[in-house]
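The residues making up each chain are set out below.
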Amino acid sequence: MRFTVAGALLDACVLGLVSKKPAYGYELTQRAQSVIDVSESTLYPVLRRLQKEGLLTTFDQPFDGRNRRYYKITAEGKTKLKELIVAWEDYTDRIDTLLIGEDS
Amino acid sequence: MNKTQFLSELRGKLVNLPESEVNSAVGYYEEYLLDAGPENEEQIIEELGSPNAVASKIIGEFALSDAPVGAATSGKTIESSAKTLWVVILAVLASPIALPLAIAVVVIVFALLISVLAVLFAFAVTGVALVVAGIAALFVAVWALFFEFGTALWMAGSGLVAIGVGILIAQATVLLTQSFFTGMQKMLGALLIRKAA
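Protein chains in written order, with the numbering used here: chain S, 931 to 1034; chain F, 43 to 239.
Just so you know, these hints were derived from the structure itself, not from any lab. Please read these numbers as outputs of a predicted model, since none were measured by experiment. From the three backbone atoms N, C-alpha and C, an ideal C-beta is built for every residue, glycine too. Wrong hints could be hidden among the right ones.
[Claimed, not checked] With a straight-line Cα cutoff of 25 Å, these simulated BS3-like cross-link-like pairs (lysine-lysine) come out:
id: 1; chain 1: S; residue 1: Lys950; chain 2: S; residue 2: Lys982
id: 2; chain 1: S; residue 1: Lys950; chain 2: S; residue 2: Lys1010
id: 3; chain 1: F; residue 1: Lys99; chain 2: S; residue 2: Lys982
id: 4; chain 1: F; residue 1: Lys228; chain 2: S; residue 2: Lys1002
id: 5; chain 1: F; residue 1: Lys99; chain 2: F; residue 2: Lys45
id: 6; chain 1: S; residue 1: Lys951; chain 2: S; residue 2: Lys1008
[Stated by the list, open to error] Okay, the calculated beta carbon distance ranges per label pair:
id: 7; chain 1: F; residue 1: Glu72; chain 2: S; residue 2: Ser949; range: 18 to 28 Å
id: 8; chain 1: S; residue 1: Arg932; chain 2: F; residue 2: Val147; range: 54 to 64 Å
id: 9; chain 1: F; residue 1: Glu89; chain 2: S; residue 2: Phe989; range: 25 to 35 Å
id: 10; chain 1: F; residue 1: Leu230; chain 2: S; residue 2: Thr1004; range: 42 to 52 Å
id: 11; chain 1: S; residue 1: Lys1008; chain 2: F; residue 2: Thr224; range: 18 to 28 Å
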């Protein structure tokens, strides 16, 4: 079985994904799908919201006689991502305590 | 379903969102399908599911996001939260159960309207009937004057009472009808203004 990636965790994953290098929608979905189970229609609403929250920004680049919309992380987004990584590490530690039973 | 059909249906389902939102979403999926390449187009459209399902996700996320939408609503938090509520209602309406539900609501409203109108009509008829009966009683009174003075007076009196009560009922009916229609007008006006906003 697989654990579902949704909500805040999905937001964090998308931010992390975009932070590596700017990418367009299809590319982002492909990269996400190579690691986790996400449907084709999952990413757009997340990208749009992160963009509205000022964590991502977009720019258009001509490609093949049309424009490709690239998503890029903002400074604010980078700060947020750092916070999320800390929160995630804390969270996995806690889950490990429950799941594996080690004392941390 | 091909790309053009999918995109135009998606646009149709998003029609209640601000135009910038619609263009952004439709643009994204248009680009997405182009990037996927024509050979994968069909498979991706299948995986995306119905335009309705894709639209629901977009509308849901839009309604949940607290960020102000566009320049038109920024800074007006009350207006934008009212708008959010409206979008949620519309999203609910877009679901498959919505149509029968909407029809039921319309039918109930229509039935209520008819009932109110019927009651008003009954009042009007009662008023008119009382006046007519009163006038008839007055004629009887005049006729009775020649042989039964008491009966004549009684008939004249009750005739006048009937006319008076009839006129009062008629006046009340006119007032009720007027306030009913102005009330309806105000409600419809408010609905239309909200829709236009």
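> Which numbered hints turn out to be false for this structure?
Replying inline: Per hint list: 4, 8 and 11 violated.
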